[in-house]
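J.: If you want the building blocks of each chain, they are given just below.
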Amino acid sequence: MTWQILDKPRTLRIIGAVKANGLGNLFDPATTEARVRTLPFYRNIKLYRLTNYATLPAFSLFYLGDDENYTYLDGGFEGIRFYNTEQNLILNKETVLPYLDFYFIFVAMDAGEIGILGARDQYHILEEFPSETEVKFDAERNLFMIKIPLYFDGSLMIGSIEITSEGVVTITDTKMSMQAQGRQALYETTTDY
Amino acid sequence: MMNDDFKNKNGTESLNSPYSHLSSTFARKDLKEEDNQYTLSDAEPLIKKLKSKLRESQTGARLLDVAESRGLKIHLIKSKKLQSAATPKMELFLAAEEKQTEPYMIQILEFGGALREIEQLLLGYRIPDDGADPLERANIAHTKFLDKIVYMCKIGLDLEVLYSDDVKKAIDAFGYEDIYNAQKQALGEDVVRDIYLEAQKSEVAD
Chain A
1 MTWQILDKPR TLRIIGAVKA NGLGNLFDPA TTEARVRTLP FYRNIKLYRL
51 TNYATLPAFS LFYLGDDENY TYLDGGFEGI RFYNTEQNLI LNKETVLPYL
101 DFYFIFVAMD AGEIGILGAR DQYHILEEFP SETEVKFDAE RNLFMIKIPL
151 YFDGSLMIGS IEITSEGVVT ITDTKMSMQA QGRQALYETT TDY
Chain B
1 MMNDDFKNKN GTESLNSPYS HLSSTFARKD LKEEDNQYTL SDAEPLIKKL
51 KSKLRESQTG ARLLDVAESR GLKIHLIKSK KLQSAATPKM ELFLAAEEKQ
101 TEPYMIQILE FGGALREIEQ LLLGYRIPDD GADPLERANI AHTKFLDKIV
151 YMCKIGLDLE VLYSDDVKKA IDAFGYEDIY NAQKQALGED VVRDIYLEAQ
201 KSEVAD
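Protein chains in written order, with our numbering: chain A, 1 to 193; chain B, 1 to 206.
Read the hints as simulated data drawn from the structure, not as lab findings. Keep in mind that a hint or two might mislead.
Said to hold, decoys possible - Here are the simulated lysine-lysine pairs, DSSO-like style, with alpha carbons at most 30 Å apart:
1) K168(B) with K93(A)
2) K201(B) with K19(A)
3) K51(B) with K89(B)
4) K73(B) with K8(A)
5) K73(B) with K19(A)
6) K99(B) with K73(B)
7) K48(B) with K168(B)
8) K168(B) with K144(B)
9) K99(B) with K46(A)
10) K99(B) with K19(A)
11) K184(B) with K175(A)
12) K73(B) with K168(B)
13) K8(A) with K89(B)
14) K19(A) with K51(B)
15) K81(B) with K19(A)
16) K81(B) with K46(A)
17) K8(A) with K81(B)
18) K169(B) with K144(B)
19) K154(B) with K49(B)
20) K144(B) with K184(B)
21) K175(A) with K99(B)
22) K175(A) with K81(B)
23) K169(B) with K201(B)
24) K19(A) with K169(B)
25) K81(B) with K147(A)
26) K48(B) with K19(A)
27) K8(A) with K144(B)
28) K49(B) with K19(A)
29) K184(B) with K49(B)
All figures in this text were calculated on a predicted structure; none of them were measured in a lab.
Whenever a hint applies, use it, and build me the whole structure from the sequences.
T.: Listed below in structure tokens is the structure:
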């Protein structure tokens with residue numbers, strides 16, 4: 001589950017594959033590192049990170065890809081939706097929470113910054129999900145229903161969330177929570193992974 | 001010798017087929033589409049506003065003048081994470097949101113910091129390549145980073161009279177409040193450096 005640093009030839013291949021005018025010389029091979037990690041909710045797709053270490057702090061862009069084609073994660077859902085196919089997306093009681101965390105980290109929400117409360121490791125991966133979390137599968141509607149403490153645009157809430165089999169996330173309700181308030185110290189802002 | 005029709009405007013000969021102007025047309029379209037995955041579809045209005053706000057700071061205006069006089073190219077990159085980068089080719093990359101129309105104070109300060117990185121590069125101050133002595137590399141990296149933070153705080157101090165609350169929130173969000181306050185109280189470079197070193201030690205300890 002941790003990042004694997006890619007060797008120079010693979011790094012060069014990725015830099016070549018994602019190249020576009022808009023990126024200019026951002027990823028100079030001499031100062032760029034590529035990493036890859038598997039995601040528990042994707043069968044064939046991995047998460048890639050390109051980092052320019054010549055600037056401070058380091059500048060990173062993230063991609064989903066299959067080692068040949070890469071889609072830039074630009075803050076929208078479309079790039080993720082593209083890979084959320086029946087053959088690729090694995091959503092079950094074990095993977096749905098890591099998927100939700102991934103979604104909150106990479107998709108910009110209209111409501112502002114939203115994140116799951118909890119301590120993260122050095123790779124910003126949640127070490128464990130909050131104990132108050134409830135995950136249920138609604139077979140009739142074919143979706144997961146989750147209740148989970150959230151950092152919600154400056155407040156601490158219990159969020160009710162639905163996730164469809166295509167990975168579409170909808171926050172259906174939020175409530176103030178004393179339990180969540182008690183976990184305030186455990187919220188670490190992250191847009192990294 | 002090629003016909004002039006197949007020369008670029010700058011006179012370089014990059015097309016070697018009489019039909020290549022067609023592929024060039026399609027290639028440009030493809031590249032433009034590729035660009036859309038990174039850059040804002042209409043970045044210019046936001047860039048103008050970022051520059052305008054930054055020019056309200058004397059420090060920011062000077063950094064912008066220096067970079068623009070050397071052919072600064074600004075790329076607003078769609079990114080959820082606020083970040084910036086500068087390259088020796090005078091390119092500045094700054095994170096922005098696709099639907100964003102107004103600059104955020106935190107983004108204005110980041111923009112100013114990236115312009116200072118451009119100035120560092122103009123002065124020949126850059127992080128050595130991977131093969132360099134690791135201690136020397138780390139020393140230069142930290143010196144550059146502290147210098148960038150100091151300039152971001154200088155811009156914040158310039159803008160404080162106009163946007164007091166916004167500047168304070170932005171500096172807090174960066175976690176630079178101790179350095180900012182030390183500069184505000186003119187406590188001197190040594191104090192600022194010590195604050196930075198202490199913060200770095202804490203990060204390592206965490």
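J.: For each hint, tell me whether it holds in the structure or not.
T.: Status of each hint after checking the structure:
1. K168(B) with K93(A): 43 Å, violated
2. K201(B) with K19(A): 37 Å, violated
3. K51(B) with K89(B): 20 Å, holds
4. K73(B) with K8(A): 28 Å, holds
5. K73(B) with K19(A): 17 Å, holds
6. K99(B) with K73(B): Holds. K99(B) to K73(B) sits at ~21 Å (cutoff 30 Å).
7. K48(B) with K168(B): 24 Å, holds
8. K168(B) with K144(B): The given pair, whose Cα atoms are some 23 Å apart, holds under the 30 Å limit.
9. K99(B) with K46(A): 28 Å, holds
10. K99(B) with K19(A): Holds, because 23 Å separates the two Cα atoms, which is no more than 30 Å.
11. K184(B) with K175(A): With Cα atoms ~41 Å apart, K184(B) and K175(A) exceed 30 Å; violated.
12. K73(B) with K168(B): Holds, at roughly 29 Å.
13. K8(A) with K89(B): 23 Å, holds
14. K19(A) with K51(B): 27 Å, holds
15. K81(B) with K19(A): Given that 30 Å is the threshold and the Cα spacing comes to 20 Å, the pair holds.
16. K81(B) with K46(A): Since the Cα atoms of K81(B) and K46(A) sit roughly 20 Å apart, the hinted pair holds (cutoff 30 Å).
17. K8(A) with K81(B): 26 Å, holds
18. K169(B) with K144(B): Measuring from Cα to Cα gives roughly 24 Å; hence the hint holds.
19. K154(B) with K49(B): The hint holds at about 20 Å.
20. K144(B) with K184(B): 21 Å, holds
21. K175(A) with K99(B): 28 Å, holds
22. K175(A) with K81(B): 27 Å, holds
23. K169(B) with K201(B): 24 Å, holds
24. K19(A) with K169(B): 36 Å, violated
25. K81(B) with K147(A): Between K81(B) and K147(A) the Cα gap is close to 26 Å, so the pair holds against 30 Å.
26. K48(B) with K19(A): 26 Å, holds
27. K8(A) with K144(B): 26 Å, holds
28. K49(B) with K19(A): Status holds; Cα separation ~28 Å.
29. K184(B) with K49(B): Roughly 26 Å between the alpha carbons, so the hint for K184(B) and K49(B) holds.
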